[in-house]
Amino acid sequence: MHSINDRNKEIGKFIPAADDDLIICRCEEITKGEIRKAVHDGMFTVTEMRRYLRCGMGLCQGQTCAKLTKNIIARELNVSPSTLEPATSRSPMRPIEMKILGKEEVNKNERD
Amino acid sequence: MKRYDLIIVGAGPAGLSAAIEAAKKGLHVVVFDENLRPGGQLFKQIHKFFGSKEHQAKVRGFNIGKKLLAEATQLGVEVQLNATVTGMYLDKEVIVKKGDEIFHFKGDAIIVATGASENSVPFKGWTLPGVIGAGAAQTMMNLHGIKPGKKILMLGSGNVGLVVSFQLLQAGCDVVAIVDAAPHIGGYGVHAAKVARCGVPFYLSHTIQSVSGDEKVEKVVIGAVDSSFTLIPETEKTFTVDTICVAVGLSPMSQLFKMAGCKMDDNPKKGGQVPVCNEWGETSIKGIFAAGDVAGIEEASSAMIEGKMAGVCASEYLGYCSSAEQAKDLENMAKDLDSLRQGMFAIKNRGKKIETTMEGIPISTNLLKKGFLSDADIKRFSPTKKIAGVHPVIECTQNIPCNPCQDACVRHCIKIGKDITALPVVDTTKTCMGCGLCVAACSGQAIFLVNEDFSSDYALITLPYEFLPLPQKGEKGKATTRSGEILCDAEVISVKTSKAYDHTALLTMKVPLAMSEKARFFKKVKSYA
Amino acid sequence: MERITEHPILGETKKGREISFLFDGKPLKGYEGEPIAVALRAAGVMTHRYTQKRHEPRGVFCAIGRCTDCVMIVDGVPNTRTCITPLVEGMKVQTQDGVVAKEEKGERSK
Amino acid sequence: MKETKPDVIVIGGGIVGNSSAYYLAKRGLSVLVLEGSDFIGNGGSSRNGGGVRQSGRDPRELPLVMWGIQNIWPTLNSELGVDVEYYQKGNLRLGKTAQHLKILQNLTDKAVACGLDVRMIDRDEVRKINPYLSDEVIGASWCPTDGHANPLTTTLGYYKAARALGVHFITGEKVVELKKVKGKIHQVITENTTYTADCVLLAAGYESRAIAKTIGINIPVRKLKIECLVTEIQPRMFEQMLGTAEADFYGHQSKHGSFVFGGSTGLEPYETDNGTPISSSIGAPCICRGIMKYFPALSRAKIVRTWAGWVDECADKVAIIDKIDEVPGLFVSCGFSGHGFGIGPAAGYNMAELIATGESPVDLTPLRYNRFKAKI
Chain A
1 MHSINDRNKE IGKFIPAADD DLIICRCEEI TKGEIRKAVH DGMFTVTEMR
51 RYLRCGMGLC QGQTCAKLTK NIIARELNVS PSTLEPATSR SPMRPIEMKI
101 LGKEEVNKNE RD
Chain B
113 MKRYDLIIVG AGPAGLSAAI EAAKKGLHVV VFDENLRPGG QLFKQIHKFF
163 GSKEHQAKVR GFNIGKKLLA EATQLGVEVQ LNATVTGMYL DKEVIVKKGD
213 EIFHFKGDAI IVATGASENS VPFKGWTLPG VIGAGAAQTM MNLHGIKPGK
263 KILMLGSGNV GLVVSFQLLQ AGCDVVAIVD AAPHIGGYGV HAAKVARCGV
313 PFYLSHTIQS VSGDEKVEKV VIGAVDSSFT LIPETEKTFT VDTICVAVGL
363 SPMSQLFKMA GCKMDDNPKK GGQVPVCNEW GETSIKGIFA AGDVAGIEEA
413 SSAMIEGKMA GVCASEYLGY CSSAEQAKDL ENMAKDLDSL RQGMFAIKNR
463 GKKIETTMEG IPISTNLLKK GFLSDADIKR FSPTKKIAGV HPVIECTQNI
513 PCNPCQDACV RHCIKIGKDI TALPVVDTTK TCMGCGLCVA ACSGQAIFLV
563 NEDFSSDYAL ITLPYEFLPL PQKGEKGKAT TRSGEILCDA EVISVKTSKA
613 YDHTALLTMK VPLAMSEKAR FFKKVKSYA
Chain C
642 MERITEHPIL GETKKGREIS FLFDGKPLKG YEGEPIAVAL RAAGVMTHRY
692 TQKRHEPRGV FCAIGRCTDC VMIVDGVPNT RTCITPLVEG MKVQTQDGVV
742 AKEEKGERSK
Chain D
752 MKETKPDVIV IGGGIVGNSS AYYLAKRGLS VLVLEGSDFI GNGGSSRNGG
802 GVRQSGRDPR ELPLVMWGIQ NIWPTLNSEL GVDVEYYQKG NLRLGKTAQH
852 LKILQNLTDK AVACGLDVRM IDRDEVRKIN PYLSDEVIGA SWCPTDGHAN
902 PLTTTLGYYK AARALGVHFI TGEKVVELKK VKGKIHQVIT ENTTYTADCV
952 LLAAGYESRA IAKTIGINIP VRKLKIECLV TEIQPRMFEQ MLGTAEADFY
1002 GHQSKHGSFV FGGSTGLEPY ETDNGTPISS SIGAPCICRG IMKYFPALSR
1052 AKIVRTWAGW VDECADKVAI IDKIDEVPGL FVSCGFSGHG FGIGPAAGYN
1102 MAELIATGES PVDLTPLRYN RFKAKI
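Just so you know, the sequences run in chain order A, B, C and D. Note that the first sequence covers residues 1 to 112 in this note's numbering. Note that the second sequence covers residues 113 to 641 in this note's numbering. Note that the third sequence covers residues 642 to 751 in this note's numbering. Note that the fourth sequence covers residues 752 to 1127 in this note's numbering.
Same shape as in the complex, but just chain A (with noise of 0.2 Å):
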């Protein structure tokens, strides 16, 4: 079992630091103090993290922030980075308009 799948690991309590209003992700404005406070809210995962305060889920799917909110995460729970599972990926790589993304296929070369 990894060592933060115990959802009771003892991690103190949240104490407010001088950085807690820095935007860690810049496209939904979640600061660092928002994502330390929901570690102590039970929020252990990036998943569940990103779910909880919408970090890393805006108009650039986390380009930025990932890296940073995972490291983070870890120094609040004490463990090490790559003890955290990575932000998931999902299409669309780049954000594409309804219209587009819903035209109906006529390719050409079909028959080719």
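What the hints contain is simulated information worked out from the structure, not anything from laboratory work. No false leads were slipped in.
Straight-line distance between alpha carbons at most 30 Å, and here's what the computed BS3-like set of lysine-lysine pairs gives: (1) A/LYS37 x D/LYS925; (2) D/LYS756 x A/LYS9; (3) B/LYS382 x B/LYS398; (4) B/LYS460 x B/LYS398.
No experiment lies behind these values; they were computed from the predicted model shown.
We have chain A already, so just place chains B, C and D on it with the hints.
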């Protein structure tokens, strides 16, 4: 649905090299790239590459890009630009967005060579306009011809930070400092030395405390950090800047593999999440390969070889070449790759404390802390024996895989030997004719021609010069030291340009004889409008 | 910011024809086909948008279409990545505030 | 594993497991939750359209969901100390053809018979409620007390609150077997260890079937893939939950401003996967086409994310919430068939009451596990 033998995602060094190799074996290959221009980062890399001939050493990145693209096109590879692969699905299917349309394609094999993206580091004010990635600066300058800013502070002293700092200087920007929280410069010493001799100061064991300004960057405060990277009070320094460049490493852009269900590995040595691959780049899903930075952060030269390997393996997988042929190809490629993965900066040596060169010479700590060699270092690395007449002086003190200088000298004055990570040595039994090809060939700009017999009072120093406007013959300016400090008056004797030098001008200046071991750069005293 | 007219390694900067476009209603000049963000930077525009929650200014960050920080309203479409969208003659580019145009938001509140 | 024997072991850390655990703990029982995956809320709880609906449901589960909407949802934010983003602004089930209206009428009639405030509305009225609809829409069923919420913060909110009450959660703890001792449930065997309790609640979504099988109980559920997508933030447009007569798509605009839509291609049962629910290449494009037929104004909205998930589809598409007579001490709450989120909190509360007192506020008889009979 249209089906190709091989779909390659990414037209950078790895992707194009893979395409060339596969097309040579007769595969029908398509390469998709989301950018308007092919070449990946190559087209932003304007410095000369390291390595040896097989690795395209001393060729500038963007020219390598042009060569690869021409070769791929000639072999019938379909390179589709402005074509974003938005997803990779089961059965090796991809969705590609081109303009206002999407297309579904399948490949019998897929090579993903999507490269890397820049890491960032949060600090107070990091979201202000004017804080940009170093890659962003490179894109603005070298692709779009615009200065990212006027006064710039670089955060990060790895090769990207160093190379981009030099490029910023070349573009006419002012780099006020290079800052790194680490106690040592992370990139090649020769890259640091190029920047240092232009007068850019290094602040190691420092980090950005805050960036501030009204709506945009106006000021940055840095401070010293202790060994646990905590700011030390009352060490603040303030700079007036309009731009902060962040160069704190790269992460593989491996999302497509994860989407397709490949087994992943989170590996800090490789820069982050990478697909689990065999040594030739094949992932846990048969027929899906990874090549280049997406499989682990290295550099463009190794990415090209990894691309070739994946191209050969895809060919064999699809029956376009025999396994014997594959084995032979891979053996040669592996040899080339191995020669690049040597030296002080090799992945296998990351995190190791290196105290001497492979020749047994204690390394320069000044270079690691300040970006330039001290006088004592110079004495240690080059023999004190006086050489008559014009001769090369080589200030290359770290074992990195690179040997163009050896090939450049037609008189065989410079020796490296078979192991290309060895330090070059000047063979005093051979006579230098002062052609300067070695000066232009050195990717690290670490070779100078010195003539201490020019006259009884003066010496001539020939140095690589890649700035505009070029000084004129007869122009009087100042010679500076390795750290960019003004040393003495200097007069330009000649400025040679030649196709063989590939945009590296050879500037020869006259300095007082006593300064011949110290004068390493020429500074204009007034600018010419 | 200044454009680089001649570069020691890359030579003369090649550009498309000069065209004009609208930035928040004001005419600006740029070169056809270059990213919108480049034309804006050349004209000294650093702020592309204000964020939804904190209303803080943002501009170009990655310059290669990944970070989505430089998004603006282009010809009426919000969240357009200006660092990779080529400039077209007569294009209407607006500073984004949250997900709407700042100029229009301003008008509404009047 | 050193573990004092809890009063109840809950298998499954989704909305049903977490809410059950929370209400059990509130009643003073000690609870251990075992989640098979590494993440809390990893199944359908995190992969759904966020509907908190009564309309369109089978009459057998209507009383339970109606009870939840009256008794739980309105105060859930303060109960859990998390914004569950609950909007009770109604549900529109849209129709474009006469055939659609017939389907809607039928559903409406059944719900009215159960006492639900739902009615058919015409072209004009539907546009008054939602002005963004395409001309093709000719009518809808309208239930003003329906709504939507954020499934992620709700599920994790129950987790947070339960944890604060002392519920012990262990993730990555896959249950492989249940065992009776002396005629009663006693052991929960995982890949790693054996836990013991005299009361076990099986709330493991589609995994429930395999687990129940180990103790000789057949729960007729199977997993079925659904796909969803999320758009970038859009200016605020409307607050209702949306669905269609043909179930082409469903979804809502979240508090955050993004739209969340789900839908199906019709080919899901025949698709392969690679061990995790993976988006197909045709899913999101299909959902987009569905949405644009009803909401042309969204055609320029950008999709930022797509995902897929498995729902636990029961043989008659209605949940099983019951005490298992053959295995004293074993309770089951699963088979929510893709509409378990809105009803989840009520299911949790009622199950907690059933376990703690032997009785539940809502009569769960229609949801018994032994209701499945051969057709002839």
